[in-house]
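Q: In case you want the letters, here they are:
There are 2 protein chains.
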Amino acid sequence: MHDALRAYIEKYASDKISDFDFELVKKAFIIKRYKKGQYLLQEGEVCKYSAFILKGSMRQYSIDVKGVEHIIHFGIENWWVGDRESSTMLTPSKYNIDTIEDTEVLLITTEDLQKLGDKLPSIGKMINTMNQRNFIASQKRIHDALSLTAEERYLELSKNHPNFLQRFPQTMLASYLGITAETYSRIRKKALK
Amino acid sequence: MHDALRAYIEKYASDKISDFDFELVKKAFIIKRYKKGQYLLQEGEVCKYSAFILKGSMRQYSIDVKGVEHIIHFGIENWWVGDRESSTMLTPSKYNIDTIEDTEVLLITTEDLQKLGDKLPSIGKMINTMNQRNFIASQKRIHDALSLTAEERYLELSKNHPNFLQRFPQTMLASYLGITAETYSRIRKKALK
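Chains as they are written, first to last, in the numbering used here: chain A, 1 to 193; chain Y, 1001 to 1193.
Careful, some of the hints might be misleading.
Stated by the list, open to error - Under the rule of at most 20 Å between Cα atoms (straight-line distance), these lysine to aspartate or glutamate pairs were calculated in the EDC-like manner:
1) Y:Lys1125 with A:Asp112
2) Y:Lys1066 with A:Asp118
3) Y:Lys1119 with A:Asp118
4) A:Lys119 with Y:Asp1118
5) A:Lys119 with Y:Asp1015
6) Y:Lys1119 with A:Asp15
For the record, the hints were derived by calculation from the structure and aren't laboratory data.
None of the values given here were measured: they were computed from a predicted structure.
Using the sequences and the hints, build the whole thing.
A: Shown next, in the form of C-alpha cells:
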C-alpha cells in the first residue's frame, strides 16, 4: 500500500529512506477512498490535507461568476494534489478538488508534512524537490497560456501527457487548456488527420 | 550594499543569520550593474545565475515565432530573477531576462546557492520559502490567465502591484497580462473613469 509513496520519496530525495524513518512517515498518513465525484476540498474551505494519489485521478478547479469551471491541475497516480496557497496561508481556498474516477489516496495534514520535513532530511529534500518541480511546471503553464495558440497548447499536452487525452473527458481537457469544448473538438479532429 | 539581502534572508528564513554565516553568504555573491536594456540571460543559454535585485527592474519573457514578446515575470527591488527550469535542469532557456531600468543586482551561481542552502539552515529555509511562494504566485497567475477576463486581470494587477502600473511601459504591462496594447489602453481608460 505504501510502496508507491516510498518509491516517490526515494526518487525525489535522491536517497534511500531507512525502515525506521519510513515507519514514522507511514504513521503520519491515513488511507482514504473516494467514489468518483467526491470532494477532497470545496471552495471556501481551508485546505487541511495534501493527498498522494495511489489509484485514480483528481482535478483542481475554480468556478467563475458565470458558473464556468476552470481546471488548473490534474492529478494521477504518484502525483500530489492539494491547494498549497490555502494550506500554507490558512486562507479559504478558491478551488475545488474532486475525483474524476474512483480514487485511493494517502492523506497527510500540512502540519504533519512540515514536521516530517523538519525531522527527516529525506522528506525535507523531497518537499524541496516537489516545490521546485511544481514551480517549474507552473512557469511552463504560464508561458504556454500566454504565448501559445490553442492548437499549440493541445499539441504540447498531447506530447507531454498523452495519457490525459485518453483518460479525461474532452470537456475537462478543454477547460484545462482554457478553450471551449467546440474549439477543442475542432483542434482534435484537425490533429488526428 | 548587502543589507537588503540580509533582511530578505532573515525575513524568509524567519530567523536571524549570524555575522559569521553572513560573511559566507556575502562571499558567494558578486555585485553587477546593468544599463537599461542589458541582458542577464538570452534565449538558448543555460541560466547560470540567480539575481537578487538591489535597485532597478527586470523582465523575463519569451519571443514567439511571430516575434511577439510574452512577459511572464517582472522583477523589482528585493525580488529574485532567473530561469529556475534552465538552471536546475541545465537546459537551454526559452526566456530572455533583461533590465527595464538601470539595475544593480547581487549574482550567485545556482551551484553556490545550492551549496549555501545545504550548509546554512537559514539559507535552506529561505530557499524553501521562496520555492513555495513562487509556486503559490505561479498558481494564482495560471488561475487568473485561465479564468479571468482581460479587465479582471488588469484590476487584479492594479490591486496587487499598483507600482507596476506607474513604473512599466503600457506595452510591457499588456504583454504581462496577455492582451494587446490596444485592449490594455481601452481597459485602463475605462478603469480610470
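Q: Decide, hint by hint, whether the structure agrees.
A: Status of the hints after comparison with the structure:
1. The suggested pairing of Lys1125 of chain Y with Asp112 of chain A holds, with an alpha-carbon distance near 17 Å, which does not exceed 20 Å.
2. Among the hinted pairs, Lys1066 of chain Y with Asp118 of chain A is inconsistent with the structure: their alpha-carbon atoms are about 48 Å apart, more than 20 Å.
3. Proximity of Lys1119 of chain Y to Asp118 of chain A is assessed by CA-CA distance (about 15 Å); at most 20 Å being required, the pair is judged to hold.
4. For the suggested pair Lys119 of chain A and Asp1118 of chain Y, the alpha carbons sit about 15 Å apart, so the restraint of at most 20 Å is met.
5. The straight-line distance between the Cα atoms of Lys119 of chain A and Asp1015 of chain Y is roughly 18 Å, inside the 20 Å bound, and the hint therefore holds.
6. For the hint pairing Lys1119 of chain Y with Asp15 of chain A, the CA-to-CA distance comes to about 18 Å; that is within 20 Å, so the pair holds.
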